[in-house]
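**Student:** For this one, chain V is given, so just place chain D on it according to the hints.
Respectively, the protein sequence lines represent chains V and D. Per the numbering used here, residue 1 is the first one in the first sequence, and the count goes up by one each step. Per the numbering used here, residue 1001 is the first one in the second sequence, and the count goes up by one each step.
No wet-lab data here; the hints were simulated from the structure. The beta carbon of each residue, even a glycine, is placed where N, CA and C say it ideally should be. Take the hints with a grain of salt, since some may be wrong.
Unchecked claim - For each label pair, taking beta carbons as the anchor points, the in silico distance ranges come out as:
1) D:Arg1395 x V:Asp88: 37 to 45 angstroms
2) V:Val87 x D:Arg1328: 53 to 61 angstroms
3) V:Ala129 x D:Thr1367: 17 to 25 angstroms
4) D:Ile1329 x V:Asp145: 28 to 36 angstroms
5) V:Glu27 x D:Gly1016: 48 to 56 angstroms
6) D:Gly1016 x V:Ala129: 53 to 61 angstroms
7) V:Pro49 x D:Val1020: 21 to 29 angstroms
8) V:Asp88 x D:Ile1314: 22 to 30 angstroms
9) V:His212 x D:Val1347: 49 to 57 angstroms
10) D:Gly1368 x V:Gly156: 27 to 35 angstroms
11) V:His212 x D:Leu1300: 46 to 54 angstroms
12) V:Gly156 x D:Ile1314: 20 to 28 angstroms
13) D:Val1020 x V:Asp88: 36 to 44 angstroms
As the list claims (entries may be wrong) - Stretch by stretch, here's where chain D covers chain V in the computed footprint (C-beta under 8 angstroms, at least three residues):
14) 25 to 39
15) 211 to 220
What the hints assert, rightly or not - Examples of chain D residues toward chain V, derived with CB under 7 angstroms:
16) Asn1002
17) Asp1316
18) Met1319
19) Ile1323
20) Ala1325
21) Arg1328
22) Gly1332
23) Val1401
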Amino acid sequence: MSAPASSPSPAIETRRLTKIYGSGNTEVTALRDVTFTLNRGEVVALLGPSGSGKSTLLGIVGLINAPTRGEVILDGTPVYRDSRVLVDVRRYRRERIGFVFQKSNLIPFLSARENVQVALEIAGVRGSAARRRAMELLETLGLADRAHHLPRALSGGQQQRIAIARALANRPSLMLADEPTAALDGERGRQVMQLFRDLGHQHGAGVLVVTHDHRALDVFDRVLEMEDGALRAQPEIAAPIAPH
Amino acid sequence: MNLALRDVRHNLGRFGLTAVGIGLLLMIVMGMGGIYQGIVEDATLLVDELDADLWLVQAETRGPFAEVSRLSPSLEDRALAVPGVENARRFATHTIQRTHRGRPMRMVIVGLAWPQDRGGWIPLIAGRPLAQGRFEFIADESLGIAVGEQLQLGRDVFTAVGITRHMVGTGGDGLAFFTVRDAQSIQFDLSPEAVRFERESRRARAHDLDLALTQPALLDRARQPASTLPAIAPPMVSAVLVDLAPGADGNVVRATFEGWPDVSTYTGDEQRSLLLEGPVDRARRQIGLFRALLVLISALVMALILYTLTLDKIHDIAMLKLIGARDRIILGLVLQEAFLLGAIGYVIAYFVGMQVYPFFPRRVIITGEMLAWLAAAVAVLCLAGSVLGIWKAMRVQPNEVLS
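Here chain V stands alone, though its shape is the one from the complex (with noise of 0.2 angstroms):
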């Protein structure tokens, strides 16, 4: 499922993507003619003020919601085109996938690796195949001396770790954080950003970041900003915005 960090295929593609809340009177369009693509290895943050369409644009291109028109084009499969659900999303999620939000939104009454290793198995890895996995994200992240540990007895960070190393766990082409270090202090926020880089590089992930932190804009390829429902025209290659 992976491909090498230079691999130029696109991770997911949206065309004119449009979404529409309400009908008539209430109607409120989030999402204008949205168009763009992620490319695998490349790691990408979207900027953009509340209520621009950041987590809308999330939802669609992680299949959680459906578009009201426009087209979702994951690992080069039609995957929603206008409102319609061209595939078995929930198997899409849990194999091609990764999520991270701002709340590590790990699983309190599993411990750090069977939070990764859950998953693993939903997507039909068995056993002890599960748990050497899990272990050797851990160990990647590491976390592995906290394995055993229930989310409660470990720090936000190491939290948002282990919720990173259950999005790696199926190897996704495309990994979708939704304001992953808004809980975190400024370094361990920078950390985060950076594990993201290295790990979409390294991974051959698509990496999607939404984030309001401009201090880390330097660790990521490109930089996207929406307002108002639609992208803004960026550079290819962001600019440092902020120091760090």
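**Tutor:** Chain D in isolation, oriented as in the chain V frame:
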């Protein structure tokens, strides 16, 4: 990885307390079933144990367990003369209430046809069957009487020679087995003063008759004990139990008895049915209805608990869905917890119940069939109780993680 077990392990205290609550509720459901069964078995116990082929009772009555039935003891000899009858036994029963060790004691007196029936069929846990025709008895242990203990009933003193267990009447009162003669002497016991008054009143009534003027000996006879006066002697027995000879046609023998105008005839099964449809019917139906209500309440309580357990995990369920969990994983999580709760509750109900039921004033009989029925009912309750939780879990959207 079993998510349900891990959730239970994580919330062990709360889950344990909930299981105990469910277990106690199920124990009451099980207990009500046991009480129901106890009433049925207690009601039919004597009929089953006496194991007579035919019951001869007072004409137009339903027998001694349903109403008063009085028959002449000579019926025993008449019955024995009928072809096809191997054995006939007098049987008497009535209930008395006395004070024993400062507490009220209700006792169902059962008269056995001495000497044919010495109570050898009664399962004893101590002592022996009756060995003499007077002043001995076998008591159920629920009466609190020990072997060798003496009890004054009327003017006579009776000695307990044997103790039996689980031998109670339709009302749950312990049985005490005497000879028929002792049973009648207890039933018709009168104080000396009452006996004297009765004899004098008999003599006064006889004195008013012209016949007494012409036959003065009648006045002397009127003063004698009632038992020596065939015309007014009290009926001696409640029923006569008939055992058929091997190979005898029960219908033919019964037809003979049905030709006698002073008796009604029932088979053992009919006597059993009369008991269940008569004296214990309302209690049976009341407990049955109460048990049905308890099952319904248990279903509601379990549904509420399982729904709450699911609500507590709703965010985790949304997260599982977001990372692509199939519906059967979510279903498994809810259902496995439901069945685990039901199973633990069932085990608690059984073990606590077995410790508690012996202290109930009436017998609580838990049969294997009843346990199997309850296990199936608990499984259905778990399934039905999970419906609400499953409905909620299935409705939750993965994007709820984002909120």
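**Student:** If a hint holds in the structure, say so; if it does not, say that too.
**Tutor:** Each hint tested on the structure:
Checking the proposed 37 to 45 angstroms range against D:Arg1395 and V:Asp88 shows it is violated: the Cβ atoms sit about 19 angstroms from each other. At roughly 19 angstroms, the beta-carbon separation of V:Val87 and D:Arg1328 lies outside the given 53 to 61 angstroms, and the hint is violated. A C-beta distance of roughly 49 angstroms is found between V:Ala129 and D:Thr1367, which places it outside the suggested range of 17 to 25 angstroms. Between D:Ile1329 and V:Asp145 the CB atoms are about 29 angstroms apart, so this pair conforms to the stated range of 28 to 36 angstroms.
For the pair V:Glu27 and D:Gly1016, the beta carbons lie near 52 angstroms from each other, so the given range of 48 to 56 angstroms is met. About 34 angstroms separates the C-beta atoms of D:Gly1016 and V:Ala129, a value inconsistent with the hinted range of 53 to 61 angstroms. Taking 21 to 29 angstroms as the suggested C-beta distance range, the pair V:Pro49 and D:Val1020 does not conform, at roughly 53 angstroms. Between V:Asp88 and D:Ile1314 the Cβ separation comes to about 23 angstroms, which falls inside the hinted range of 22 to 30 angstroms.
For V:His212 and D:Val1347, the Cβ-Cβ distance of about 54 angstroms falls inside the hinted range of 49 to 57 angstroms, so the restraint holds. Evaluation of the 27 to 35 angstroms hint for D:Gly1368 and V:Gly156 yields a failure: the beta carbon distance comes to about 56 angstroms. Judged by the Cβ atoms, the range 46 to 54 angstroms given for V:His212 and D:Leu1300 holds: they are separated by roughly 48 angstroms. Roughly 23 angstroms separates the CB atoms of V:Gly156 and D:Ile1314, a value that falls within the hinted 20 to 28 angstroms.
For the pair D:Val1020 and V:Asp88, the beta carbons lie near 43 angstroms from each other, so the given range of 36 to 44 angstroms is met. Counting residues of the segment 25 to 39 of chain V whose beta carbon lies closer than 8 angstroms to any beta carbon of chain D gives 0, which falls short of the minimum of three for the stated coverage. A stretch counts as covered by a chain when three or more of its residues have a beta carbon under 8 angstroms from one of that chain; for the segment 211 to 220 of chain V and chain D the count is 0, and the coverage is violated. Hint on D:Asn1002 is violated. Least Cβ distance to chain V is approximately 10 angstroms, over the 7 angstroms limit.
Interface hint at D:Asp1316: satisfied, since its Cβ lies 5 angstroms from the closest Cβ of chain V, which is below the 7 angstroms cut-off. Residue-level restraint check for D:Met1319 holds (minimum Cβ-Cβ distance to chain V is 5 angstroms; threshold 7 angstroms). Nearest Cβ of chain V to the Cβ of D:Ile1323: about 5 angstroms, under the 7 angstroms cut. The hint holds. Of the supplied interface hints, the one on D:Ala1325 holds, with its beta-carbon coming within about 5 angstroms of a beta-carbon of chain V, less than 7 angstroms.
The interface hint given for D:Arg1328 is violated, since its Cβ lies 11 angstroms from the closest Cβ of chain V, which is over the 7 angstroms cut-off. A least Cβ separation of about 12 angstroms between D:Gly1332 and chain V goes past the 7 angstroms threshold, and the interface hint is therefore violated. Hint on D:Val1401 holds. Least Cβ distance to chain V is approximately 6 angstroms, under the 7 angstroms limit.
Comparing the model with each earlier hint shows violations of hints 1, 2, 3, 6, 7, 10, 14, 15, 16, 21 and 22; every other hint is respected.
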